[in-house]
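There are 2 protein chains.
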Amino acid sequence: MQLARDADISDYLIAPDPGRDGLARAVTGVDHNGVETTIRVVEERPLTIFLNGQEIVTAMTIGDYPEYLALGFLRNQRMLRDGEAITGVDFDEELETVVVRTARATDYEDKLKRKTRTSGCAVGTVFGDMMEGLDSVQLPATPVRTSWLYALAARINRTPSLYLEAGAIHGTVLCQGDRPLVYMEDVGRHNAVDKIAGWMLSERVSPEDKILYTTGRLTSEMVIKTAMMGIPVLASRSGFTAWGVEIAQSVGLTLIGRLRGQRFVCLSGEDRLVRDADPASVAEEPRKSGRKGSA
Amino acid sequence: MQLARDADISDYLIAPDPGRDGLARAVTGVDHNGVETTIRVVEERPLTIFLNGQEIVTAMTIGDYPEYLALGFLRNQRMLRDGEAITGVDFDEELETVVVRTARATDYEDKLKRKTRTSGCAVGTVFGDMMEGLDSVQLPATPVRTSWLYALAARINRTPSLYLEAGAIHGTVLCQGDRPLVYMEDVGRHNAVDKIAGWMLSERVSPEDKILYTTGRLTSEMVIKTAMMGIPVLASRSGFTAWGVEIAQSVGLTLIGRLRGQRFVCLSGEDRLVRDADPASVAEEPRKSGRKGSA
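Protein chains in written order, with UniProt numbering: chain B, 1 to 295; chain L, 1 to 295.
These aren't lab readings, by the way, just hints derived from the structure by calculation. Any given hint could be a false lead.
No copy is singled out in the list; a pair is fine if it fits within one copy or between any two copies.
Okay, derived cross-link-like pairs now, DMTMM-like style, lysine to aspartate or glutamate, Cα gap no bigger than 25 Å in a straight line [what the hints assert, rightly or not]: (1) K113 with E93; (2) K111 with E84; (3) K111 with D11; (4) K111 with E55; (5) K113 with E132; (6) K113 with E55; (7) K111 with E203; (8) K113 with E94.
Produce the entire structure from the sequences given, and follow the hints as far as they go.
Shown next, in the form of structure tokens:
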């Protein structure tokens, strides 16, 4: 038995739109029995991000929300400053480019020379010093109810998505209390979190009372991005890396991994947890959760 | 029931060594019941790769086989040419650097200006044109027995590894016929494939009769790396991206995904398949395969 899909997504501000044109396509092949089979496969297309006159990076993305991806990427790279005056965000579908324009003249030639190839899913690249600006991060002591974590995991796992439909993709969800607000997906989970960051920047959403949920691993880059975004809690159904845990502990971020059914492990910031739910009352995940391998 | 581990790894030339110091560490946290719990978590450390005098990239890696990682990365970036005279590969553990030296003077300043953030797991970065050199690739029509694919998947899934022990990591395995030869793991699956490429380069191993198996998704970058390595077959338990399939079809690479139990889907190069195994005779994966989420 698979998880029942809950088609009612009215509680989301932005939910996945797996049926949307251009995010996946039907591809025909042959299965293990030699029978012709057609499956839906997610798209993966280049998007080149410019900051004013300078080409910054080409990201491989499913292609939705290019403006949010560009804004969030640049923000998470600290190439857009606090309160930066953004004068334009221009997406050209034909050229597969997004140009972000600022009132301030920018030049990151030196920063672009230092490239770190990180280890998240479709991570990719951090320019300059990965840890830059992290020491100034102050995360609020917002309490997190364990009942919220269980409710969010159950809700997100039942939300119709490209992940459930086509697999080979990651999701990141911005949540508030027990409510998922914005659910972004991408072939790279770091694109998904950057799209969240871009949405938050555009909508001037405050991070203090938010929880970030990711389907991906809790690596150093995911922890750094979450902390830089000012979000005090990062949760995932996947596992940890040692440096991710170390950074979370050093900035006081609550890090919850292996969140499946009634189980989870908290390796940092346990002081925020309010244990208001009895794990025994939480249903285990059914054998076939419907989640396709997307590793 | 979990998959039985098969401790006999004598058939491998290089097998994972999950107990090796420095690849994972025990971290103590609190579980869903509020009980203190200690789990093993994989390491993730920076390794900066130099080609002669030039800093190329910093990769986040578990840290084993730094020389193979550097050689394979540079080779897969086409910064090392066919038959390149390599005069030294120097790893400095304290400085976390590897310097690869060539008889030829090198300068990739221009190439480094073009950065593509790809969408595999811990992909990271491709410099210059991702497709560069792909049109010259000629892959041999080596037959692939489906009995080999089933045997490889079963063998690899039962091989003691950091993946089975700690999760949050990817594996890539170079195989020949039904035998896995070299099984590399890393926080980034692209590091794992680069380590394979580095080993092949060092040992002068021919790719024509090899099969590459990955735990990760079949994205454009994985397909491109496999094709550039001259390996005609890429198989995975995970899913596909559309561009990965397109590239595989254009270069004539056999692409097999969702290889689990008796099931698989072949979306490219089906002509290489020799269906000598009856899928019905292949055991399904047990409910708990012991594979931890590493997405």
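Is it within, between, both, or neither for K111 and E203, if the alpha carbons may be no more than 25 Å apart?
-> neither (28 Å within a copy, 37 Å between copies)
When no copy is named, should K111 and D11 be tagged within, between, both, or neither for a Cα gap of at most 25 Å?
-> neither (40 Å within a copy, 46 Å between copies)
With 25 Å as the alpha-carbon cut-off, assign the pair K113 and E94 to within, between, both or neither.
-> For K113 and E94, the Cα distance is within 25 Å only across copies (22 Å; inside one copy 28 Å).
With 25 Å as the alpha-carbon cut-off, assign the pair K111 and E55 to within, between, both or neither.
-> Close inside one copy (13 Å) and across copies (13 Å); limit 25 Å.
Alpha-carbon proximity between K111 and E84, which holds within one copy, between copies, both or neither at 25 Å | Classified as within: same-chain Cα gap 18 Å, cross-chain 31 Å, threshold 25 Å.
Could you figure out if K113 and E93 sit no more than 25 Å apart (CA to CA) within one copy, between two copies, both or neither?
-> between (28 Å within a copy, 23 Å between copies)
Go through the copies and call it for K113 and E132: within, between, both or neither, with a Cα cutoff of 25 Å.
-> Close inside one copy (15 Å) and across copies (22 Å); limit 25 Å.
25 Å Cα cut-off: does K113 pair with E55 within a copy, between copies, both or neither?
-> both (13 Å within a copy, 9 Å between copies)
In this structure, the hints that do not hold are numbers 3, 7, in rising order.
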